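Each protein sequence line maps, in turn, to chains A and B. The opening position of the first sequence corresponds to residue 1 in my numbering, with each subsequent residue numbered one higher. The opening position of the second sequence corresponds to residue 1 in my numbering, with each subsequent residue numbered one higher.
Source of the hints: derived by calculation from the structure; they are not laboratory data. All clues given are correct.
Reference excerpt, derived from the structure (chain B facing chain A, CB under 10 Å, subset only):
no., residue
1, A42
2, T144
3, Y179
Computed from a predicted model, the values in this text were never measured in an experiment. Just so you know, even glycine gets a beta-carbon here, dropped at the ideal spot from N, CA and C.
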Amino acid sequence: MKIFATYNIKGGVGKTTAAVNLAYLSAVDGYRTLLWDLDPQGAASFLFRIKPRVKGGGKALIRGTKALDDAIKGTDFDDLDLIPADFTYRNMDLILGGKDKKTTRQIGQLLRPLAAEYDHVFLDCPPSISLVSENVMHAADVLVVPLIPTTLSVRTLDQLTEFVSGFSGHRPQVRAFFSMVDRRKRLHLDIIKDLQAERPGVAATPIPSLSMIERMSVERAPVTAFAPRSVAARAYRDLWTELTKET
Amino acid sequence: MTTPGQRGFVLEALPGDEEEDLLSAVLAALGQSFTVAADTDARGGGVRRCTWLDTFDWRLYRAGLMLRFEQARRGGRLLLSKTDGTPQAEQDVTSWPRRPPLDLPEGPVRDRIIVLIRPRALLPIVRAVSTATVTRLLNADGKTVARLIADHVTVTAPSRAATTAELAPRLAVTAVRGYPGPARRASALLASVPGVTHASQDVFIAALTALGRHPADYSSSVAAEITAEMPAQVAVARLLLRLLDTFDSNVDGVLRDIDTEFLHDLRVAVRRTRSAVKLLGAVLPAELAEHYKAEFKWLGDVTTPVRDLDVHLLGFDAMAGQLEGASPADLEPLRAFLVRRRTREFRRLSAALRGPRTRAIADDWRKALLGIRDNDGLRRPEAGGGFPRCRRPTAEALALSTTGRAFRRIAAQGGAITLQSPPESLHDLRKRAKELRYLLEFFAPLHDPVAYRKVVGDLKQLQDCLGDFQDSEVQRDEIKTLADAMLAERAAPAATLLAMGEIAARLARSQAEARDEFAARFARFAGPAGRERVRVLLEGRP
Numbered sequence: 001m002k003i004f005a006t007y008n009i010k011g012g013v014g015k016t017t018a019a020v021n022l023a024y025l026s027a028v029d030g031y032r033t034l035l036w037d038l039d040p041q042g043a044a045s046f047l048f049r050i051k052p053r054v055k056g057g058g059k060a061l062i063r064g065t066k067a068l069d070d071a072i073k074g075t076d077f078d079d080l081d082l083i084p085a086d087f088t089y090r091n092m093d094l095i096l097g098g099k100d101k102k103t104t105r106q107i108g109q110l111l112r113p114l115a116a117e118y119d120h121v122f123l124d125c126p127p128s129i130s131l132v133s134e135n136v137m138h139a140a141d142v143l144v145v146p147l148i149p150t151t152l153s154v155r156t157l158d159q160l161t162e163f164v165s166g167f168s169g170h171r172p173q174v175r176a177f178f179s180m181v182d183r184r185k186r187l188h189l190d191i192i193k194d195l196q197a198e199r200p201g202v203a204a205t206p207i208p209s210l211s212m213i214e215r216m217s218v219e220r221a222p223v224t225a226f227a228p229r230s231v232a233a234r235a236y237r238d239l240w241t242e243l244t245k246e247t
Numbered sequence: 001m002t003t004p005g006q007r008g009f010v011l012e013a014l015p016g017d018e019e020e021d022l023l024s025a026v027l028a029a030l031g032q033s034f035t036v037a038a039d040t041d042a043r044g045g046g047v048r049r050c051t052w053l054d055t056f057d058w059r060l061y062r063a064g065l066m067l068r069f070e071q072a073r074r075g076g077r078l079l080l081s082k083t084d085g086t087p088q089a090e091q092d093v094t095s096w097p098r099r100p101p102l103d104l105p106e107g108p109v110r111d112r113i114i115v116l117i118r119p120r121a122l123l124p125i126v127r128a129v130s131t132a133t134v135t136r137l138l139n140a141d142g143k144t145v146a147r148l149i150a151d152h153v154t155v156t157a158p159s160r161a162a163t164t165a166e167l168a169p170r171l172a173v174t175a176v177r178g179y180p181g182p183a184r185r186a187s188a189l190l191a192s193v194p195g196v197t198h199a200s201q202d203v204f205i206a207a208l209t210a211l212g213r214h215p216a217d218y219s220s221s222v223a224a225e226i227t228a229e230m231p232a233q234v235a236v237a238r239l240l241l242r243l244l245d246t247f248d249s250n251v252d253g254v255l256r257d258i259d260t261e262f263l264h265d266l267r268v269a270v271r272r273t274r275s276a277v278k279l280l281g282a283v284l285p286a287e288l289a290e291h292y293k294a295e296f297k298w299l300g301d302v303t304t305p306v307r308d309l310d311v312h313l314l315g316f317d318a319m320a321g322q323l324e325g326a327s328p329a330d331l332e333p334l335r336a337f338l339v340r341r342r343t344r345e346f347r348r349l350s351a352a353l354r355g356p357r358t359r360a361i362a363d364d365w366r367k368a369l370l371g372i373r374d375n376d377g378l379r380r381p382e383a384g385g386g387f388p389r390c391r392r393p394t395a396e397a398l399a400l401s402t403t404g405r406a407f408r409r410i411a412a413q414g415g416a417i418t419l420q421s422p423p424e425s426l427h428d429l430r431k432r433a434k435e436l437r438y439l440l441e442f443f444a445p446l447h448d449p450v451a452y453r454k455v456v457g458d459l460k461q462l463q464d465c466l467g468d469f470q471d472s473e474v475q476r477d478e479i480k481t482l483a484d485a486m487l488a489e490r491a492a493p494a495a496t497l498l499a500m501g502e503i504a505a506r507l508a509r510s511q512a513e514a515r516d517e518f519a520a521r522f523a524r525f526a527g528p529a530g531r532e533r534v535r536v537l538l539e540g541r542p
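Just chain A, same shape as in the assembly (with noise of 0.2 Å):
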């Protein structure tokens, strides 16, 4: 079982869209994949058209008095499942914090168990630097970084992969790419270009601001299942291959 996470700092930046993408691309490609919203704005869930609440309680679930098995929902979409969203994760820093230590390995003990019966994992995590974000780093094989072309942006990619390359065992591969690029806008391109030149791990595939990436609250559904030919759903696939390929 290979686990990816979405992650970023900042919010907005095009995490929950990869996630799902990448997610139905691993499933159309015969892969069996779950996908954990852990952001308790339950975006994901919501483009899944999963309600956001796990029954029993977020709470029980983290905390592992929950079996994670019990709170899994099918998609629409053969091979691709999904643990939906509650609202108490807003408190999962303090769930995690627990009452005498706080845990940094939680989620990845908790993905233990189902290993035998999915292929891929994706983790959509909530934007911040906290326990919660820890954990996913612990749990993940590849931290799926998006980016913005901005020069702040090239900071934040820089203190994360220096944070990871301070654990001690096991470390997520972090594969950086370009999100939500603009490219009528000059700086976006010079960014892209330089730092696909510096940094190593930076996928070589952007994937562009587009409406139809927009439009998926509108389908509900990943633009790479309700529009498969567009440009945008050729981009995620392009991505998609990049990071099989090379991870």
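Fit chain B to the supplied structure of chain A, relying on the hints for placement.
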């Protein structure tokens, strides 16, 4: 992902109803709680081809198993389940021959069933082509929460000149993971539609029924439909007809050389027929009995060489594995010789079974037996033949007199055997024991099952011992004959002859062991306790 487990339904069109109307009624009923949407790309939809497999004598089904081959674009998948549908094992196969014999490729399914089916081949029993349409059932958010699968299945029986039948459409509701409630609701709505009933049969069983068959519809056992009060000649005619059915149903498998057991069952039917004619033929017209005694002897004789070679080849690996001085590889020239000889003998057997004499035996014998069975009262049994005072004995009277006589004969012959008696006396006793066994089987429906099992149990022990004694001797003689034949054909390396010598020596030891055991086995069968068990069987009270 969908999960199985929801109960299936059958759509039985009522007189005057069209299937299309019924399907519309189903969708309308589901529309009360869900938005229904066709799903043309669904994984469970489209055309699927599958074949159910079993041995000719239903070894899998009798062991509570069903084996299905689901054909894919390239190769396919074997799925083994219990007869209640519980999955047992699966394995991918790259290709599956269209025609039997179907050898089973290595894998978990093979591991699970090989001991059960060996040495039989797997045959296609039913082929099915199903066209499934999938309808998504959506909740108020437009989310798929269950699916309705409608399956139109056409089935064919490969062995019966490609008989084809259409099954009533089958409907199933599959749950989406995490949404058990909607699937239950959809099932309840479905069950409320007139014309929709719960599927009480698996598709395989429904297919067999539609093709005029039923599971386990072949058995080599006698199991004739006879009663105690039935006139003896009618009972004997029924018995012989049943044996003739077994003979007939195995001929095709022998000619196509599907597996060795077709010939085995055919020969057992011939042997039983010969014994029945000999022991019970007094109730049949004398000329008829006399003629078919000779004809079935001929049939027995023409089938012997191939069966003898089959026995050698079936036991070859076990025999080679027991070698101590020689290596199993030394015996390979013998195997090659046996295979060549079998090919030659099989041609002769095939010509005999396809020839006019065999056809005449099967057809005319059947005609004569049907005449006796259906025209009872018009004919009288021949006078004499053990029934001087009773011109129209019942089946029960015939069973008691012949079985009692056969037992007394064994008791007398066996009791006279001493350590000094020649081997022929044991061989002859074996024939008598076999005759008694057949008589017991012929009249099994008339006996008390418990008493029957006890007597047959004792007799079987005695037969096994006599069988080991005689088979060891016969096989030893055959080894010598084979060695001579191989030498004559210059196909016998010295190492092979030495290995064959070792086998002959081992067979001599086995025969001596069987001889040592005889006294105890016979005493158990024909001693006071054994006699009492036979008395209870024949007199019907403990």
